[in-house]
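Build the full structure now, drawing on both the sequences and the hints.
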Amino acid sequence: MTRAEAVYIPEIIKGFGTTLRHFFTSFGQGRTSRAMQYPEVRREDLPVVDGGLNASNFRGVHRLNRDERGRVKCVACMMCPTICPARCIHIEAAESPWDDREKYPAKFEIDELRCIYCGMCEEACPVDAIELTPVYDVVGGSRQEMVFDKEKLLHVYDVTINRKPM
Amino acid sequence: MDWLTPQFITSVVIILIMVHVVLVTVAYLVMAERKISAYIQDRIGPNRVGFDFGLPALKFLRGALGFGQPLADGIKFLIKEDFTPSRVDKALFSLAPIIVIAPALVGFVIIPWGGIWNGVLPILGDVTGGVAVHIAGANVNIGIVYLLAVASLGVYGVTLGGWASNNKYSFLGGLRCSAQMISYEIPLGLALLAALLAFGTVVPDSIIRLQVAEGWGVVAQPLAALIFFIAIMAEGNRAPFDNAEAEQELVGGYHTEYSSMRFALFFLAEYAHIVTSSAFLVLLFFGGYHVPFIPWLKTMTSPETMTFGAVLIKFLVYLGKVVLTVCFMMVVRWTIPRLRFDQVMMMAWQFVIPVSLVLVVGVSVMVYAGEASTYKLLAMNVAVILLTVMASPLIPKSTSNRRLPLYGSRFSAMPGEAVRTQSDEPVALEDRPVEGTTPVAR
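Protein chains in written order, with the numbering used here: chain A, 1200 to 1365; chain B, 34 to 475.
It should be emphasised that the hints constitute simulated quantities derived from the structure, not laboratory data.
Backbone N, C-alpha and C define an ideal beta-carbon position, used for all residues, glycine too.
Treat the hints with care, as some may be off.
[What the hints assert, rightly or not] Listed below are several chain A residues computed to face chain B (Cβ distance under 7 Å; list not exhaustive):
| no. | residue |
| --- | --- |
| 1 | V1206 |
| 2 | P1209 |
| 3 | F1215 |
| 4 | T1218 |
| 5 | F1222 |
| 6 | S1225 |
| 7 | Q1228 |
| 8 | R1233 |
| 9 | S1255 |
| 10 | T1281 |
[Unchecked claim] Listed below are several chain A residues computed to face chain B (Cβ distance under 8 Å; list not exhaustive):
| no. | residue |
| --- | --- |
| 11 | G1214 |
| 12 | F1226 |
| 13 | A1234 |
| 14 | N1253 |
In structure tokens:
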């Protein structure tokens, strides 16, 4: 600290300069403002280089993929509930009604409140049946409502397939 | 019916108006602080809440500027659970917010918002029977002394709140607050004394008249104004002096255990205190309701103009100055980091108090010698500032509260000091397993 700085007052005035510069340049969402008017402007709308959301690797709500015949792709191999560190995936396997696989999930439930969105299930899945989608604004009125069952997860697939192709 | 004079009725009306004006101002200052801090940090701040309450019929009141935010905050405070923790001192716990807010709100009565009014309304004509009345809650001769006395009472509520909460953090916050307020009361009083010695009066309206005639107090005594400003920020527990509620150290400080409206009272009191002190500062150093240089405003805001319009303009000018002062305090808050508590105390006792003592002695001598014109006082203030800057290296530095080097820390070493990176204590050097465990073979 030099003698001039030890007086503090000039340095404090310099500090006011910095503060007020930011105040006036970002006033009313001006030049330096870094905020985004969220529900109207969303990160998905921005290009990735400008801080937009990268749909291909964003880890949001899960979906269960369908195969080309519209059936659930899952073969109920239990890899995802095994790897899941939050233990939020519950599968009840049953004998498959189709002849191209032995098992299929009769029940498939993910507790979205317990899930930590680590993406391990997606990594573990041998048939690419479970995937994380770029959907992040999911709400529910109760805890039970946030336990997504098979129909709901397949519905997530239907609404996100355009934004994130398989 | 002797007591029912025009002045009495005016005072009652002014008090009724001012309580509401001040409370609304305080509510919107909270929002202004959020907005200002947001813009300083390149954010936007509250901008959603309007007055539509979610009703489609009131859609036209939906606000893009967030002006409904204070109302929403107030409603939230009112309907939240008012929780009293177990084993608190119930009586004091409830009393503390009241003791805090009362002095903050009664200080306003002596502020001369609009000077003197000749009693003539625009359409109704003369309503006071030709008597000129003071537009102030109470035009008392001890004005400034009263304000000083009342403003200091707030510390009791804060200390009691900290004590009654039965919480270590609250207690520490209360203790810090009382120590800080008592320390900064001294420079506050001394700077005030320097100003009052030069004015030669303690009547608020006369002080403004003197400033109109001889130039604002800040021109005559910039150092006294600076010390006064520092002291009111410390008194009001404003950053950079908000050690009493330092989040990083004390959770929430003295109001850690408070919730709902009782917390809101502390919050409101803090802002009301700031508004009172700012009005005080404007009264003493920034010419009250007076505006210089602009010809039309200059005549309208001079104490000799007493029409109803002039009173309104004076009131708005005064309030504008107060709001500007508070906004400046907010900029200070977001510019200067919080001082450590021992630095706050050191600053009061080793810097601000000695300087203000020298200032008071200087002003006293000048007033005694009859040499107290504006420019001579200004020269004396500048001389004291230069003296402070020149003398500060000659004063021996205190060695207490210096940083101590830690074992193994390369960050807290003093400059030029050899750093011991390893402990030489035998216990720390000895490599032995924790008692009751067996060492694992590697």
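Structure-based check of all given hints:
1. V1206: Cβ of V1206/A sits 6 Å from chain B, so the hint holds.
2. P1209: P1209/A check fails; min Cβ-Cβ to chain B is 11 Å, beyond 7 Å.
3. F1215: holds, 6 Å
4. T1218: holds, 4 Å
5. F1222: holds, 5 Å
6. S1225: Holds. Min distance 4 Å.
7. Q1228: holds, 6 Å
8. R1233: holds, 5 Å
9. S1255: This interface hint is violated because 29 Å lies over the 7 Å limit.
10. T1281: violated, 30 Å
11. G1214: holds, 4 Å
12. F1226: holds, 5 Å
13. A1234: With a closest approach of 4 Å, the A1234/A hint holds.
14. N1253: With a closest approach of 24 Å, the N1253/A hint is violated.
Of the hints listed earlier, those the structure fails to meet are numbers 2, 9, 10, 14, in rising order.
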